[in-house]
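S.K.: Using the hints provided, position chains F and V relative to the given structure of chain C.
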Amino acid sequence: MPERRYLPLLALAVAVIGIQLAVSAAAAVYYLTQLTMSAYYCLVVLGLCLLMGYAGQISLGQAGFFAIGGYVSAVLTTLDLRSLAETPAVKLLGRLGFLAERKDLYENTLLCLAPWSAMAFALLLTVLLALMIGLPVIRLKGHYLAMATLGFGLIVFRIVLGTRFLGEADGISGVPPFPLFGLRVSGGLAWRVENYYIAWALVFLCLLLAVNLVHSRVGRALRSIRGGEEAARAMGVDTSRYKLATFVLSAVFACLGGIFLTHYNGGIGPSEAASMKSVRYVAIVAAGGADNLWGALFAGALLNFLSLRGTFGSYDDAFFAAILIGVMLFFPDGLLSVKGRGR
Amino acid sequence: MSFEQFFQYFLSGITQGSIYAIIAIGFNIIYNTTGVINFAQGEFLILGGMIAVSLSAYLPLPLAVALAVAVTMGVGLLIDLVFIRWLAGPSVLRLIVITMGLSILLREGMLHLWDEKVRALRHFTGSEISSLRILGAYISPQALWVLGISAVIVAVLNLFFKFTLAGRAMRACAANSLAARLCGIRTRRMVSLSFMLSAGIGALAGCTISPLTQTQYDMGAPLAIKGFTVAILGGLGNSMAAVAAGLILGLLEVFSVSLLPLAYKDAVSLAVLLVILFFKPGGLFGRREEQVLKEF
Amino acid sequence: MKRMLVISLIVVFLLSAVSLLFAAEKGTIKIGAILAVTGGASNLGAPEAKTLEMLVEQANASGGLDGRKVELIVKDSGGSPEKAISFARQLIEEERVLAIIGPSTSGETMKIKDICEEGKTILLSCSAAESIVNPVAQYVFKTPQNDSFAVIWIYNTLKQKGISKIGVVASNTGFGTGGKAQLEKYAPEYGIDILIAEIYDKEATDLTGVLNKLKAKNVQAVVNWSIEPAQSLVAKNMRQLGMTAPLLQSHGFGNIKYVEAAGQAAEGIIFPCGRLLVADALPPKHPQKALLTAYKRQYEAKYKEEVSTFGGHAYDAFTILVEVVKTAGTDKEKLRQGIENLKGFAGTAGIFNFSPADHNGLALDSFEMLTVKNGKFVLLKP
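Chains as they are written, first to last, in the working numbering: chain C, 1 to 343; chain F, 1001 to 1296; chain V, 2001 to 2382.
Read the hints as simulated data drawn from the structure, not as lab findings.
Please note that a few of the clues may not be correct.
[As the list claims (entries may be wrong)] Residues from chain F shown here face chain V by an in silico Cβ test under 8 Å; the list is partial:
#	residue
1	L1111
2	I1129
3	Q1214
4	M1219
[As the list claims (entries may be wrong)] Okay, derived cross-link-like pairs now, DSSO-like style, lysine-lysine, Cα gap no bigger than 30 Å in a straight line:
#	chain 1	residue 1	chain 2	residue 2
5	V	K2030	V	K2296
6	V	K2069	V	K2120
7	F	K1117	V	K2376
8	V	K2185	C	K103
9	V	K2304	F	K1117
10	V	K2334	C	K103
11	V	K2302	V	K2373
12	F	K1117	V	K2289
13	F	K1117	V	K2202
14	F	K1117	V	K2302
15	V	K2289	V	K2376
16	F	K1280	C	K141
17	V	K2373	V	K2304
18	V	K2302	V	K2257
19	V	K2332	C	K103
20	V	K2373	F	K1117
21	V	K2069	V	K2334
22	V	K2296	V	K2257
23	F	K1117	V	K2296
24	F	K1117	V	K2257
25	V	K2120	C	K103
26	V	K2381	V	K2289
Keep in mind the model is a prediction, meaning the values are calculated, not measured.
Glycine included, C-beta positions come from ideal geometry on N, C-alpha and C.
The following block holds chain C by itself, in its conformation from the complex (with noise of 0.2 Å):
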């Protein structure tokens, strides 16, 4: 029945709503603010879950794209254009309605460009880098894939710590908000509640894309990519053309998650790039279930949650390192995988 596949979706919204109602109710709503930016993290590993699971294809710079999507939203709603307001570019973007005029906490008036703007450049930079990497890289196999994922995300690490107008190792802070049909993306007391359901309808949104994608005649090509890639050339599957819109499509997922946690957060730092947070999220994959997408979100949420609560205290990576090593020795099919699914 084609309904049973969406019960999951329908469990999550209900534990989604179940969650903020108890928190509201025992009074510690701070709950939603590890929750929320878990939402956000969350979106990496569905992405990279698609890309590992379904096209089989290993990913260790997913943090890359991440970083793309963050930074260049956050440069470029920080980025005072007053000083060239009169140059032609400058005035073409206002005309089109790009730019947007707001104060910061210290009263300064700041010309840049609009959240919603600098959001689909982010997007548009995102999905051409992922059309250009991913060319070359899906061409490539085992460790050879794995250490050109790494080599791309280690290059964004570098640009994102050697350039100037991004911070340099500072990063970039006093991001603002970003109004959302009403609604505002932000980290402030008074929105997070609000915030919270943003961040999970988000997830919603994606898992649902997700799950008509892995279901439709799409997902079964991925499938028949991951048993067999021969076998399913043989059988007229474009192979190259799915693992590249997997691999664009898993760009997109993360670097929506880093646009959107950012402007929660208020700013970004080249930490997000590094290639750790990379093999966190493979480690988050590998945990889940390789090929199971519920598994992925829920120990994405998990396993995000407890370390931004800092319950692992200085063993974070350790906690990582081990996770990985536990389930790729005595789980290879993942800890929440339903065995015998769909292989």
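M.R.: The following block gives chains F and V in isolation, referenced to the frame of chain C:
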């Protein structure tokens, strides 16, 4: 650029390059026997250096280094026994991920066993300020040690793989592990041996560079990435090519400093990595010269 | 599905257990700290965390703060801003701490500056960027000296030596790039010509390439600005290259382990620093002498390692808080005003004179010029 300056960069370049080459050889040894890329290779260098520094407070330097190498070889053996040996038909993805996890665990382990402070081993000869003048360029005696010990390692490994029974058994495993097993070679032992060997040469290299580069718990990963770039540049599994590739990368990096701002130095090795992976993943010396260079 | 159920139950238990852990005893004063105890900035955060733990222990042993026990909550951010943000929110909303000490790096501090201001919680940062207190946010203070002071001291020393052409190398951390920016900013004013300025990666293991470039330009002095082990590397590489120009470092050099790592190459290095490292050489009546020698003795006895000036920033943050609580109690607004009105307070970094417009409180005289002689830190004789 005057000749002295050129030669100065040249010396720096081949010193750096020989370190990268040793790390790449470590990768290749394990890769040849198991098909595994051991991401924890960088940590072997640091582990060796750390242990040697701790021991050198109580023991004479050569003994400290020897013990550090021995202990690190033990760690290599342990890694094989605990994590690799009993995996039945593991996928490449699984192995990559496991060794990445191991790299992190080793690093965190070193952090909590020692601490975040930097250490440096005593110079083998001379001190921190000794400087030799060669053809107008200045070099620390320790850099000569690095070059010398790297050359010795390459030479000894060459002899080992060509003339000893164990070495040839390992080459047999690399060529075709099923056939090797049919010939009576204990492939599992060869795998353990390859881990121990990689760990050992890593540790020795780590001790030798420690006086120059200093040793800190988190230096393993960047070294591993450079080493991996060199291994791929030369062609995975091809250790003589790794030496050439290492020298090439080392020289490229150092000479880039003379032309570009220093901030781009790391971009050079990353660019090399991506270009090679995208256009010639078999490496510079892959395919055509396979007959001549593959035998190590 | 069953596995999911089991795991959900585990999660619920975890959550409740975790929240129980956080349930404070009645009547403790909670002070939060966000420090980079591990990770890339650990040579800042680790001594800061140790200092705070030591001070809180001492405070509790002598009756606590305002009659109540102090509970220190240290969060290890590992130097990442997103963790700092999450912990800041956690400490402010969940733990309702009185104040937050830290973070260790300027990048993290800038990310939580607005959060603390909005959450009306006092932030005593242990990082040095001037943008932390400029523009002034009512609840945000910092305890380290300004980088510009260090730069001015260095330039004055260079002028005394008759040096005007220098080469600058700095690491790519916030500390390094911030220092380089200040060096470039003040150079024209002091008649210094920076012939070449380069940034190296903080993980760099060999700087002979870039130093060769400086050597080729015949710089009269080299100024290095970093806080990691590369400081020792610069010293060693310079001597290995046969460079005789003097080496000046930033105040990040203020830990004897860098001298040890550099060995003989450290002889003659000149750098500005707070008085902590030469406490014994201070005249007996000096306002900082007593607390500096006590801190040095206690820290080294407890942790078996040398003090560093970075731990001192956390020391100052805590002792300032304690001092102001004595008069203002635990009302956050009164505390804030209390800090703003604190004058003549002796800390490890110098004498603090806060004001509503100056949330750092330190001046040029908080530094001394030090040098290394026979492997020890001594005052530089002019």
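S.K.: In ascending order, which of the hints set out earlier in this document are inconsistent with the structure?
M.R.: Failing hints: none at all.
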